[in-house]
Structures are given as structure tokens and as C-alpha cells.
Amino acid sequence: MGKRGRMCPDLFPDLLECSSFSSSSPANDDVDRISELPDVLRLHILSLLPLKSAIRTGVLSSKWRGLWAHRWPDPSSLFLSSCSSSSSAPTGPAEEDAFVSTTNRCLAKRGRRRIDSLVLSFHLGHVLQSDLKQWLDYAAACSVEDFHLCVLPAEPASAASSQTHRNNNSINRRRSASSLIFHFPMDSPLLIRLSLRGIHLSAANSASTRLEILALHSVTLSDAALRKVVAACPLLRCLDIRRCRDFRRIQISASGPHLKSLTVVDCPKANELIVTSAPGLRSFRFCGTFLSRYSIENAYGLEEVYFTSAVPNLSLPNSNWVSSFERLANVTALTLCSHALQYIAVRGAGKVGPMRSLYRLEELQLLMLMMSDTSLNDLFSFLRLYQCPVLERLFVELPTCNDQHAENFMEIEDEEPPKDCLDKLKTIKVRNYKGHHNEVRLVQYLLLKATNLNSLVVIVSRESLEPEYSKEPSSRLRFLHLQLSLFTKASENAQIVFCECDIDGIQPTHSEAFFKF
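Its first residue numbered 1, the sequence shown is counted upward by one per residue in the UniProt record's numbering.
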């Protein structure tokens, strides 16, 4: 291939073989023959590729960049929403009828040509089950690869519109519908990504042989239905479950070696999470009330773990999460919240030496929901109990407001900060710094112990400053900056970067926040 583009052999080996044919002269070795083809031929090539592979051809050269979006005669990506803008959102029955009619006309006009991506978004009560079935059948007939269905909560009807349209039977039927049902699996033979929100899901015994990504948000389905869905997807590699309120026992079985990412967020009734076998699992993210039982078997390749709870606990519920995740020694990126640190501190109380070595951990992110004396002690307990010999990056997210519980813990004896545990640390980033007592203690400790530190980035927000500094925020910021510059540093080369805006170039692996601070 030429210098302008290189073919990826795992995407299209036949094309690579053709494109590599050239004479033995060095001059001809620099000719990119595939990129020199006419647009019509390159579009034909793209039409033979799956959507993901077609998009990736953009790295070959500038002539390929963005060409995938035009591989079908009609727009291959459709976004159909009843609430796409404030001016076009349905405000009454007439507009609701207009959305259904407009959608039907749009689909009828384009015919049954291929669809790469289809997004359907509307409020409950705007669409009948028969309308939805018609659209799903259309998407399947067009071999959709990426399908998103979002059913938002029903909007309250105004008294005027209800009176005007009280005799409209179709509108009454739509508004009286309490839910819509999605029958899994979808019949599209090429479906790779499926995202569902706000809908009931029923599962048949048929398989979805190509589905790789499944996202369920506020979806109503039973524990048994979830097991059936996962078992029907032999190539599933990413499962994302959020705010599904009916689950009690989340069991992921028969997932095979392809499952690489599992996310479970805010399923309030769940008390167990069981993954029977996950040899290919690389990423696990959990946010919500701590469950009584976690069991993830054969996940020896797990590299990224996110484990947090934004639910305040006056006491620690019974949970085996610490013992369960202590066996995951290959983790390289770990995110924990202050509640999780509390579990670890309780489990390690009275122990003199380390409990475990996270010998591959390179990045640690701590989401501190509060920064009381107890919170800081729990953080120190983690560093004492878990050896992290190759830790290079530390991210600390501080609370955005004053810790209202600090005074309740002032009588607790301070945890002795661990020694010689941050030798490899290169980068520290602290967000929402306000200069409170325990924040200062933490930053001073990190600067004293990180002997090879390159940079400490401190993000200060004017909005998070105390009310008494609201009139003169600049003077407070100058004081905090001066204070940081006077702290003793173990590393002479450490640079302290103090700023009000976040730095995009220094971000944790787990940058998505599942709750607000």
C-alpha cells in the first residue's frame, strides 16, 4: 500500500491482496491503488462491509474519510423523534398524530433500502403498539445494524386538548396504553447493536446470532427473561444494564468468551449479581446499592473495575464484594467511592500488614462523596492494606460542597498514613479542591510520598467555594495557589498545575460519571 493509507487485513483481506499488487520497483510501492478507484467503486466496496468496518476505512486516507455515510442511495442513518426540538415537540393530540403520520411517510418514501442506524424516540402515549410493530418490521426488513428505541415517560395532557379531542378514538387508545412491548430478538439479520429504554421486553427462544452490544435502560423484564436474552446472543461482547427496577437476581450465564464489558447501574431491587463464566471479561462497572452477593467466575482477564455507590448508608449492609474482588489481581484501572473504601477499612481493621497486592494496578480513581476525618482514614487504610507497586496515575474527585457530617467524626483516632507506597506515582489530579482541612492533609501527604512525581494537577471551581468567598473569589483562589506552592515535595521535578478549568489531556479511564457530586 501507499503512504496515504494502509489496509487492515482483519477487516478485508481480499481487498488487501488486490491493493498490494504492484511491480517490484520502489516507485510503484508508493501507489495507493484502492484509493485511486472512482467513488462509485469505492462506495460499492463499502456496501459489502459491515457498518463498523465501513466506518474504520476512514483511517486509510482522506479520500475514504466519511465516505461510508454515502454507501447507500438514501440516508442510511435515521433519527425520528417526537421531541427533537422545542418547536417540533408534540404539544397536543394533533401533533402526536403528526409524528406518527410523518414517520410513516418518511419510511414509505425511502423504500426498503438498507439502514445502518435507526433511532426512534417518543413519549409513551404518542404511539400505539401496532405503530411500533410496523416500524420494527420495517427496520428488520431493511437489515438495520444499529437500532435505538427510546420510550420516554408519558406527558400530561392539557385540559383544552383533552376536551377538544375527547372523541378521537386513535388518540384515546394511544394515551390509554400503559406500556409498549419489544419482542426479543429483533428479526434483522444484521443487527449488531441494540439499545432499549422505557419499554417492556419479552424474550422468545430464538437466537440473535450477530448481536454484539445490548443496552437496557429503564426496561421492564424479569430475571428469567434477562437470562434468556443473554443466552440467545452468542457473540455478545458488551452488556449495559441501567435503572431496570424489577431485577432481583442478575444472572449472566452462557455468555461465552466474547463478553468483554459488563455495566450495572442503579437496579434498586437487585441483591445478587452472578456471572457464571466470563473468561473474556475486561471491564466491569457497578454503581448502586451494594448487593449482598457478587460472583464473577473465571474473570482472570478483568482489567478495569468501577465500583461505586451514591446511596448514603448509615450502616454497612452485608456484602461480599471486597472478598469477591480481592481475587481479581490483574486489574490495571480501578475506581472506588468513599463508601467502598469504608468497606475495605472495616474488613482490614486490626490487620498490621497488607492484605493484598494489586501488582498490576496502574491507575486509581477515588470518588470521595464526603471528606470527613473518617473518609480520609478510609483512604489511608486502602493504601496501607493494598500494595500498588506500579501505580502511576491517581485521580481524586472531591465533594463539591462542605461535608456536613465532618463534625460527627472528629473524635475518631486518625489512621496512620502509609509509608513508601507511592514510589512509582507520576501523575496526580485532584478535582473540586477547596482547601478544606482534610483536603490539605491529603495533598500534603501525596506530595511527601510521591518521590517520582511529575505533575500534580489541582482543579478549583469558583462555584464550589464557600459563600463567604463568593464576593472575592479571586483572592481565595490566589491564597489556595500560594498555599499549594509552599507544600514540601519529595520530587524536585514535580510541577504543580493550579487551574479553574479541567484539562482534557489528563482524564481517568472511567471518565463517565453515574451520579452527581
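It cannot be assumed that every hint is accurate.
Unchecked claim - Lysine-lysine pairs mimicking DSS-like chemistry, simulated, CA-CA at most 27 Å apart:
id, residue 1, residue 2
1, K424, K516
2, K489, K426
3, K133, K228
4, K52, K63
5, K434, K489
6, K449, K434
7, K516, K434
8, K52, K269
9, K449, K426
10, K109, K133
11, K269, K516
12, K449, K424
13, K489, K516
14, K449, K489
15, K260, K228
As the list claims (entries may be wrong) - Simulated restraints, written as ranges between beta carbons of each label pair:
id, residue 1, residue 2, range
16, P156, P257, 47 to 55 Å
17, I55, D420, 43 to 51 Å
18, T332, E272, 24 to 32 Å
Simulated from the structure, these hints should not be mistaken for lab results.
All C-beta atoms in this analysis are idealised placements derived from N, C-alpha and C, irrespective of residue type, glycine included.
Hints and how they fare:
1. K424 - K516: Violated, at about 31 Å.
2. K489 - K426: holds (13 Å)
3. K133 - K228: holds (22 Å)
4. K52 - K63: The hint holds at about 18 Å.
5. K434 - K489: With Cα atoms ~20 Å apart, K434 and K489 stay inside 27 Å; holds.
6. K449 - K434: holds (22 Å)
7. K516 - K434: Holds: K516 and K434 sit about 17 Å apart, inside 27 Å.
8. K52 - K269: Roughly 36 Å between the alpha carbons, so the hint for K52 and K269 is violated.
9. K449 - K426: The given pair, whose Cα atoms are some 11 Å apart, holds under the 27 Å limit.
10. K109 - K133: Holds. K109 to K133 sits at ~18 Å (cutoff 27 Å).
11. K269 - K516: Measuring from Cα to Cα gives roughly 21 Å; hence the hint holds.
12. K449 - K424: The hint holds at about 10 Å.
13. K489 - K516: violated (32 Å)
14. K449 - K489: holds (8 Å)
15. K260 - K228: Cα-Cα ~19 Å, so holds.
16. P156 - P257: 47 to 55 Å: Roughly 48 Å apart at Cβ, these two residues keep to the hinted range, so it holds.
17. I55 - D420: 43 to 51 Å: Given range 43 to 51 Å: holds, Cβ gap about 48 Å.
18. T332 - E272: 24 to 32 Å: With a Cβ separation near 27 Å, T332 and E272 satisfy 24 to 32 Å, so the hint holds.
In this structure, the hints that do not hold are numbers 1, 8 and 13, in rising order.
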